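Peer 1: Listed below are the residues making up each chain.
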Amino acid sequence: MEALIGLFGELFGLEGTLALSAAYAVCIGSILGFVTVYSMFAIWMERKVAAHIQVRMGPMVTGGWHGWAQSVADAVKLLFKEDIIPTRANAFMFWIAPAVVFCGVFAGLIVVPFAVGVQVVDLHLGVFFIIAIASIEVIGVIIAGWASNSKYSLFGAVREAAQVVSYEIPTATALLVPILVVGSFRLNDFNTWQAEHHWLIFHSPWLAMAALIFFISSLAGCKRAPFDLPEAESELVSGFHTEYSGMRFSFFFLEEYTSMFVAALLTATLWFGGFNLPFVDSSAWHPALAMPIGIVVLLAKTFFFIFVQMWLRWTLPRLRVDQVMSMGYKYLVPWAFVALIATAVWDYYGWGWLPL
Amino acid sequence: MLDFMFVFFAAIALAGGLVMAFHQSIVHSAFALVAVLFGVAGLYWTLGADLLGATQILLYVGGVTILLLFAVMLSTRDAGRLAIGRYILMAPVLGLLGAGLLRVYQGVIAISEGRELTLLEPEPTSDAIGQLFVDPHGFLLPFEVLSVLLLVVLVGAVTVARQQQEGTPDA
Chain A
1 MEALIGLFGE
11 LFGLEGTLAL
21 SAAYAVCIGS
31 ILGFVTVYSM
41 FAIWMERKVA
51 AHIQVRMGPM
61 VTGGWHGWAQ
71 SVADAVKLLF
81 KEDIIPTRAN
91 AFMFWIAPAV
101 VFCGVFAGLI
111 VVPFAVGVQV
121 VDLHLGVFFI
131 IAIASIEVIG
141 VIIAGWASNS
151 KYSLFGAVRE
161 AAQVVSYEIP
171 TATALLVPIL
181 VVGSFRLNDF
191 NTWQAEHHWL
201 IFHSPWLAMA
211 ALIFFISSLA
221 GCKRAPFDLP
231 EAESELVSGF
241 HTEYSGMRFS
251 FFFLEEYTSM
261 FVAALLTATL
271 WFGGFNLPFV
281 DSSAWHPALA
291 MPIGIVVLLA
301 KTFFFIFVQM
311 WLRWTLPRLR
321 VDQVMSMGYK
331 YLVPWAFVAL
341 IATAVWDYYG
351 WGWLPL
Chain B
1 MLDFMFVFFA
11 AIALAGGLVM
21 AFHQSIVHSA
31 FALVAVLFGV
41 AGLYWTLGAD
51 LLGATQILLY
61 VGGVTILLLF
71 AVMLSTRDAG
81 RLAIGRYILM
91 APVLGLLGAG
101 LLRVYQGVIA
111 ISEGRELTLL
121 EPEPTSDAIG
131 QLFVDPHGFL
141 LPFEVLSVLL
151 LVVLVGAVTV
161 ARQQQEGTPD
171 A
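Going down the list, the sequences are from chains A and B.
Everything in the first sequence is counted per my numbering, starting at 1 for the first residue and increasing by one.
Everything in the second sequence is counted per my numbering, starting at 1 for the first residue and increasing by one.
It is possible that part of the hints are untrue.
If we take Cβ atoms under 7 angstroms as the criterion, some of the chain A residues that face chain B in the derived model are [said to hold, decoys possible]:
hint: 1; residue: H124
hint: 2; residue: L125
hint: 3; residue: A132
hint: 4; residue: S135
hint: 5; residue: V138
hint: 6; residue: I139
hint: 7; residue: A161
Stretch by stretch, here's where chain A covers chain B in the computed footprint (C-beta under 8 angstroms, at least three residues) [unchecked claim]:
hint: 8; stretch: 43-56
hint: 9; stretch: 59-66
Take a look, some chain A residues computed to stay more than 10 angstroms from chain B by CB distance [unchecked claim]:
hint: 10; residue: G58
hint: 11; residue: P205
hint: 12; residue: I293
hint: 13; residue: V308
hint: 14; residue: R318
hint: 15; residue: G352
None of these hints come from the bench; they were simulated from the model.
Just so it is clear, the structure is predicted and the values come from calculations on it, not from any experiment.
Here a beta-carbon is modelled for each residue, glycine too, at the ideal position from N, C-alpha and C.
Just chain B, with the same shape it has in the complex (with noise of 0.2 angstroms):
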């Protein structure tokens, strides 16, 4: 069952990400990463993985696109068709990219081989991740720090966005 299930999230993942590379319309390529971010959340969740696949759907299916999709429906028009020649002198920069995980992807495959592989249940990991966000000698320390980072940007985006409106009647 687990076999089957991963087999069809990855066909949805990889599907979703040719249909995302290869599309004419940005807007059609946003759509694609959806299917490719909730492939990829399927996964999580078949290898055990499964507050990683909720979080990934609720932040990035349900928030991150959406607001990626806004950006490029209102400020393209007549669905933003892409200038692929512009982009042509990143090829060879994106090729060596690609080599480099190819050869990354060798390496594991050798690391390996040959090893038996024992599958075991998946068990609910939210209590242990849970347990090392407040865990001093765990995460604590990244988890507050990346939280005020957070604030600090969502202050600064704030700050920039009204500087900007200045001149018009504050609403």
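Isolated chain A, as found in the complex (with noise of 0.2 angstroms):
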């Protein structure tokens, strides 16, 4: 961020706000970039990890080589395609919805290092800030399932704001526990604890279990089966965004991906190392070799957490409404609240994996 910001004031001669905001622009405009690429890729990477769980081959045609342009096909289909608004839905709302849910969570990507020094702002409430921001997301599927006046849309948008809301107690306390023992809601500080110690999932039970938790719980909070209630296609056509069409739609899609995104890449930076490599000390390397090392790791710990949500997406069958509110609140918060105490129990003993 500050490399660019000189950048700009060499190459152009902006100083002050100006070189900020055009930096800022830069790096947003590139990170807008990168998840829509992200989204197509993990659009056909979906289809093709569900057809072989199935035993099937998926798209194997557009493109040529295991169908790699399906995707790209399908988004300049999306393009083309007739913007609908219904006619007794309440334009402007409708119109606002995909815009909110998608800026919710893209927001929380700016606090994430990618490598050492690739980071839009490196905020001080990185994990809280994520978590805070995506919670606007709700917002805007109420919106859009209001707005749509369906009955489909609006039971959809109910189902979803009573899912992530329940959902969102478990996960903000299973982040907790490695906030506990780091000390820090910087996620900068995740990365350099994990390369002076050790990985924290190693650390104690506990953190192992806190990583299961968030897991499950951001599984509920992306709306992924086997949590995918709020559009069950059997029952609700398909939930909230049943209204929309084209652009519309695609926004809703490219929100599901980045929220599977973000969640995946907090579990991989807080509690599987970040950038860093297992039993490789990196700290010292030239920075022109560990950044892109450092963006690399990173991404493959990443893709390995979102091809487990669609291995698990693809082989649970989905939960009933009751299910749902029952494993969140009788099983997730309380042993979620048990990792966190018995966390700042074992760290103010400094036990490790046994209490020896």
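Each of the two chains sits in its own frame; use the hints to bring them together as a complex.
Peer 2: Here is the structure:
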């Protein structure tokens, strides 16, 4: 970020606020581009993973090699589709909802460190900011469900809101556990701590439990199967985005895959070493070497967790509404609190895996 | 930069507040309340209270208003047009309250007039707030009392909700 501001100063003679704004615009534009390309890749990957789990081939024709251009073709199709606004819908709310949904999730990405120095803002409140800003997404979904003026949309939105608000509690509590160990909200501190000590997943059994709780409840937060009640196709047509078509519809898709990415990224950064390689001390490396390797390592870990999310989606049946609620409130929330309190006690006495 | 952000968030909050107060449909008012709370959270952030701003977004924008929207959307028909006539008697009371608030602002402006403003670079506040919460001479007692109060409220709400369900088979 600072390097970019300096670069703008040198190249175009920009100073102060202007250089800062230009640097932000470039950073956010590049993240936006990355998210778009990533989503197209992830949709193709999802279709291939689903197909292979169900012993099919998936898309094979478009683009030649294993149908790699299928998502690109889909995106072009969505761009050219007619943009329908239902007659009885509330046009302004209908128009603004996809933007609100996408912004909430996308804003979380600006505090994520992809490698040493590859970060838009090194925010002190990193993790907390991601969780807080992601909760805006629910408002967008409610707006979408209400403005569509369709009962399927409204049911989907109500289910989504109930589910996401409930699962914010175990998500946030599970995130507090590594925060308690490292003693900071800043995402970079997690990377340096894990480079100096060990991956947090191996810190104590409670950390592993917190990772599991966070991963399960983040699945519910992304509305992924087995928690895909808000868009249950067999019951609600397609939930809160039933009435949407064309580019607006694709914004909901972008949001879903971006929130999967953020959840996988948080799991990788907070528990699985971030951009650090296992058994290799990369702190003394030259930035030109550490930067690309860090990005590749972090993305590899992230895509592994995205793969696990897809794997779970295509192997588990959908839960019922009451099962989702009892899962959240009777199992995840109490165990998240147990992990939090147990970690406080364990780290106070400095125990490892076994209390010796 | 900070000045611009302050004006930006203040504009969001003000515009949301106007829509909230004057829109006929109560659902629109509730959505405008989201904008107000978001704008105020941004103001907190620009003024250096980053933890407060993020907490405001997490709890108020992402939690409380959703419950409010639930109540409004599920309990009113046809987006609930407000019958303003019924509340016309409240107007003098609210007017007096508004006048009182204006007087307070006047006092604040009178105090701060002519003083030099020194803008400091905002520092992270989370460490200090965390220390205050566990400090026996700080806010440990109020914090614990509030937690117990909230727990009592939670148990009470569950009890009330379960009593109303009696007679229906337990799910």
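Peer 1: Give a verdict on every hint.
Peer 2: Hint by hint, here is what the structure shows:
1. H124: holds, 4 angstroms
2. L125: Holds - the Cβ of A:L125 comes within 7 angstroms of chain B, reaching about 5 angstroms at its closest.
3. A132: holds, 4 angstroms
4. S135: holds, 2 angstroms
5. V138: holds, 6 angstroms
6. I139: Result: holds, 5 angstroms to nearest chain B Cβ.
7. A161: holds, 5 angstroms
8. 43-56: holds (count 4)
9. 59-66: Since three or more residues must qualify, the claim that chain A covers the stretch 59-66 of chain B holds, with 5 doing so at under 8 angstroms.
10. G58: Given a closest Cβ separation of 36 angstroms, the condition holds.
11. P205: Non-interface label on A:P205 holds, nearest chain B Cβ at 25 angstroms vs cutoff 10 angstroms.
12. I293: holds, 30 angstroms
13. V308: holds, 26 angstroms
14. R318: At roughly 19 angstroms from the nearest Cβ of chain B, A:R318 sits farther out than 10 angstroms, so the non-interface label holds.
15. G352: holds, 25 angstroms
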